[in-house]
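Asks: Sequence:
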Amino acid sequence: MKLSACIITYNEEKNIRRCIKSIKPVADEIIVVDSFSKDGTRRICEEEGVKVIEHVFEGHIQQKNFAVSQAANDFVLSLDADEFLSEELANSIKLAKESGTHQAYSMNRLNGIAGRWIRSTDWYPDRKIRLWKKDIGKWGGYNPHDTVIVNRGTEVQHLAGNLMHDSYQNYQEMKQKALQYAKIFANANQHKKSSSTFKAIVKSIYTFIRNYFIKYGFINGMDGLVISYTNAYYTYHKYLMLKKLNQIR
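Just so you know, we're using my numbering here: the sequence shown kicks off at 106 and counts up by one.
To be clear, the hints were calculated from the coordinates, so they are not data collected in a lab.
With a straight-line cut-off of 20 Å between C-alpha atoms, the simulated PhoX-like cross-links for lysine-lysine are:
no., residue 1, residue 2
1, Lys288, Lys308
2, Lys107, Lys129
3, Lys280, Lys308
4, Lys129, Lys156
5, Lys143, Lys119
6, Lys199, Lys238
7, Lys348, Lys304
8, Lys233, Lys202
9, Lys238, Lys107
All chains, full assembly: derive it from the sequences and hints.
Replies: In structure tokens, the structure reads:
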């Protein structure tokens, strides 16, 4: 199996070198599609000897599919710049390359806040397909909650190890992103999904209970509490925003 790693970037000088270094042991080609970064992202990529393509950003899904289309190899590994492979996952990918038994592979994503890794709430195991044969799948879903969709009937093998994702640097950033993602959800689902104030309240309460109690958010102390609250906050606002948009004709 020959493997092309694809990364999209915009102002990722703090993260991109770590990402590239983690995939160098497994990738036969590394492609970075950059949306005209203003910082040192491109310089760092060039220092690491990877191929850089500048491309106008039209959305996460569109940009990631464009990056995949530039891959020279049949199999692609798609990462965000703030993600990197654990040593165990890198070894699992090496074994998958040697055996070549499947056309798609999934992995657990381990999310963190300021470098504190969270193994509870909806944040873990957060299973993702990120390695696949490019002619049997592509990026889909809705921005920015994109997901790899493979052809029906494709057998997906799960790999050992974690895809590390240092999601946020502080609680305030997490809350701001929650509002941003809620707005994107509402815009993407206007007149496609129903909503009401009652639905927003009930679903947000359930989201907190699921994250904090059912998915053991309490084991992560203050981080687990804030993540559970923020996930509920996101749920409440996405349905409230959707309700308002649905009233527009």
